[in-house]
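**Student:** So you can see what is in the structure, the chains are spelled out below.
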Amino acid sequence: MSTTKNIPAQKAGESSVSSQNLLEVENLEVHFPIRQGIVFQRQVGAVRAVDGISFGVKPGESLGLVGESGCGKSTTGRAVTRLLEPTGGTVRFDGEDITHKKVASMRTARQNLQMIFQDPYSSLNPRHTVGTIIETPMKLNGINPEGGHKRRAQELLEIVGLNPEHYNRYPNEFSGGQRQRIGIARALALKPKLIVADEPVSALDVSIQAQVVNLLQDLQREFGLAFLFIAHDLAVVRHFSERVAVMYLGKIVEIADRETLYSRPQHPYTHALLSAVPEVDPDGASNRERIRLTGDVPSPINPPSGCRFRTRCWKAQDICASQEPPLVQLIGSADGHQAACHFPEVKQVVAAEVTPPAPASAE
Amino acid sequence: MTQQPQQISPTGESGTEENPVAETTATADSTATEVTSTNTAVVGRSPARMAWTRLKRDKVSMVSLVLTVIFILAAIFAPVLTALGGWGPITSDVKSINPDIGNYPYGHFGGISAKHWLGVEPGTGFDLFARIVYGLRTSLAVGLISALLSTVVGVVVGLAAGYFGGWIDNLLSRIMDVVLAFPQLLFIIALTPVIQNAFQTDQHGGTDENLRLAVLILNISAFAWAYTARLVRGQVLSLREREFVDASRIMGAGWVHILFRQLLPNLWAPILIAFALAVPANITTEAALSYLGVGVVPPNPDWGALLSQASEYFLIDPTYLFIPGVLLLVLVLALNLLGDGVRDALDPRANRS
Numbered sequence: 001m002s003t004t005k006n007i008p009a010q011k012a013g014e015s016s017v018s019s020q021n022l023l024e025v026e027n028l029e030v031h032f033p034i035r036q037g038i039v040f041q042r043q044v045g046a047v048r049a050v051d052g053i054s055f056g057v058k059p060g061e062s063l064g065l066v067g068e069s070g071c072g073k074s075t076t077g078r079a080v081t082r083l084l085e086p087t088g089g090t091v092r093f094d095g096e097d098i099t100h101k102k103v104a105s106m107r108t109a110r111q112n113l114q115m116i117f118q119d120p121y122s123s124l125n126p127r128h129t130v131g132t133i134i135e136t137p138m139k140l141n142g143i144n145p146e147g148g149h150k151r152r153a154q155e156l157l158e159i160v161g162l163n164p165e166h167y168n169r170y171p172n173e174f175s176g177g178q179r180q181r182i183g184i185a186r187a188l189a190l191k192p193k194l195i196v197a198d199e200p201v202s203a204l205d206v207s208i209q210a211q212v213v214n215l216l217q218d219l220q221r222e223f224g225l226a227f228l229f230i231a232h233d234l235a236v237v238r239h240f241s242e243r244v245a246v247m248y249l250g251k252i253v254e255i256a257d258r259e260t261l262y263s264r265p266q267h268p269y270t271h272a273l274l275s276a277v278p279e280v281d282p283d284g285a286s287n288r289e290r291i292r293l294t295g296d297v298p299s300p301i302n303p304p305s306g307c308r309f310r311t312r313c314w315k316a317q318d319i320c321a322s323q324e325p326p327l328v329q330l331i332g333s334a335d336g337h338q339a340a341c342h343f344p345e346v347k348q349v350v351a352a353e354v355t356p357p358a359p360a361s362a363e
Numbered sequence: 001m002t003q004q005p006q007q008i009s010p011t012g013e014s015g016t017e018e019n020p021v022a023e024t025t026a027t028a029d030s031t032a033t034e035v036t037s038t039n040t041a042v043v044g045r046s047p048a049r050m051a052w053t054r055l056k057r058d059k060v061s062m063v064s065l066v067l068t069v070i071f072i073l074a075a076i077f078a079p080v081l082t083a084l085g086g087w088g089p090i091t092s093d094v095k096s097i098n099p100d101i102g103n104y105p106y107g108h109f110g111g112i113s114a115k116h117w118l119g120v121e122p123g124t125g126f127d128l129f130a131r132i133v134y135g136l137r138t139s140l141a142v143g144l145i146s147a148l149l150s151t152v153v154g155v156v157v158g159l160a161a162g163y164f165g166g167w168i169d170n171l172l173s174r175i176m177d178v179v180l181a182f183p184q185l186l187f188i189i190a191l192t193p194v195i196q197n198a199f200q201t202d203q204h205g206g207t208d209e210n211l212r213l214a215v216l217i218l219n220i221s222a223f224a225w226a227y228t229a230r231l232v233r234g235q236v237l238s239l240r241e242r243e244f245v246d247a248s249r250i251m252g253a254g255w256v257h258i259l260f261r262q263l264l265p266n267l268w269a270p271i272l273i274a275f276a277l278a279v280p281a282n283i284t285t286e287a288a289l290s291y292l293g294v295g296v297v298p299p300n301p302d303w304g305a306l307l308s309q310a311s312e313y314f315l316i317d318p319t320y321l322f323i324p325g326v327l328l329l330v331l332v333l334a335l336n337l338l339g340d341g342v343r344d345a346l347d348p349r350a351n352r353s
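These protein sequences, in sequence, are chains Y and H.
When we follow UniProt numbering, the leftmost residue of the first sequence carries the number 1, and every step to the right adds one.
When we follow UniProt numbering, the leftmost residue of the second sequence carries the number 1, and every step to the right adds one.
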């Protein structure tokens, strides 16, 4: 079981091709201070939402970030786009350190780094027309496309599959899926290289999810976009991302390419996640193992010592409480497959083959 | 709201002839009349236009609007109206008052006649109609200008407090608390003569009318802005957490853009409501101050001053008190109901309470 030896000290994200990474995150930490007191506030603790994670995204690549609610996925996305100030570590984009840059001095990085939001109802300003929403990023960054702002906006509407004549409409006249397409068009307006998609489809109807994911995939192919795709739906991530990182309580516990992670996961938490994927099995003949995790995610204010997953892990032993397992590549595993566990176990195909979301049958 | 099956294929093919969003979310009823027109030209209906459609259906608001417009027109065309009557606001018609019984007007109901449509002021013999029309000018001007001033200040302070938070919010909020806790009327009564003396330029010791008005307006708006500021601050606190603010930050927007282009357009409704309700409140305050003698002073025409004078004569000549009193009531009521109507029209989900 634990016969696999750890290869010493190869830190995540520090692969040999690190220089090629478009986005490079190293030891990123985002702690939210907890203050007490009315006039004289003192810090009594911190919510360690993201606690030292490292990963890289290559140009044109899509990295999926999965994990249950409250594990720090969205915080990571917001720290990368600099909506939140990281409390530690570095974020490098296109070779430029943007960890603590001010908005004004990172205009170029801003243009290449855009975001798609989770809630299509709150991410569009209800008092602006669709045209204004899409033109604003161009105007803010002083971009004057050929043929004028309006033409470019209508072009973008067409690219995301909306009627360009709806240029003058307001967001409240659109459905959730259509609004999300408007959000995508806005993100595309600056011709970015990387898009952070923060649960872009979890607020949508299941039938619409597939359409939006397929649209994103088309755009990725067409424009060579890189994605940091944050989601909690493993099926969607499997369909969309070439590489997947699993997060638990502010840490990455396992990172691997899609095939490896879904067919030969090593970390018990990944096992548990994959076994929870619902499965259409009319015969009830499935004999796959169901792992049921008990309890809740521990508080990120006071995370467990050693391995953070040990409180819910069925394999936990003394070492798990005293020593934090490093995120390392294990002998015999595929290249780039790293896991942070003292007792990793290769399980062959824990989850049954999940059918990726059916290509939108809109026609 | 129904999740519309999209007629648009994900490949980018679009251009379906039918209108994909003919039925709109919350205001489906109001679209019924416009569906036919949107089939040909695809033009979005702005929230403001939808609000106007709703306002037009509200009878009380429309009556109030008509009354308000009449009052405003009367104030603007006061010289024309008084020319029709033939009497200015401070031209005394000595023949219409009876010096034998203490300068009370001849005739019944305060001397209402073909010559003096609303009667004559006892004591001075001024035409009441002319005084009321000119007094309306003062009341409306003070009400509107002070509401405008206090709204602008309140919006800016509220935006800053709500958006920046931290010590800026703490400081501004405490100032608002202090202003709101002040006994406004007492303070203005005490302060007005002091300010006036400081700025007095009239060599003859008299009171400069424009200065008095300016002091009055400043005093009223100095206390009214805190209401708007608090309202706007609360709205901004909830708005700034919306994702479109984050979206514009990612696009590279600075705080000026976020405050005035992203947040302010979403605040027009509460601001307009606050303004609409501040006008009648300020008119009442102005009338009260003039009644107490720290606002406009006779013989300059003003409704509050008029009421103050009329209270001295009201046992013998009740018409003199009655006419400006009822008119003030109607004006304030119309403005208040109009403000309520505007609020309902702008925010159809809010309950009438």
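By construction, these hints were calculated from the structure, which means they are not laboratory data.
Treat the hints loosely; a few may be bogus.
Unchecked claim - Quick look at which bits of chain Y chain H covers, simulated, 3 or more residues with Cβ under 8 angstroms: (1) 48 to 62; (2) 136 to 150; (3) 252 to 260.
What the hints assert, rightly or not - Short, incomplete list of chain Y residues facing chain H, as computed with Cβ under 10 angstroms: (4) Arg186; (5) Lys191; (6) Asp198; (7) Leu293; (8) Gly295; (9) Val297.
Just so you know, these numbers come straight off a predicted model, no measurement behind them.
Note that the Cβ used here is the ideal one computed from N, Cα and C, for glycine as well.
**Student:** Hint by hint, work out which the structure violates, then give me just those numbers in ascending order.
**Tutor:** Numbers 1, 3, 5, 7, 8 and 9, in rising order.
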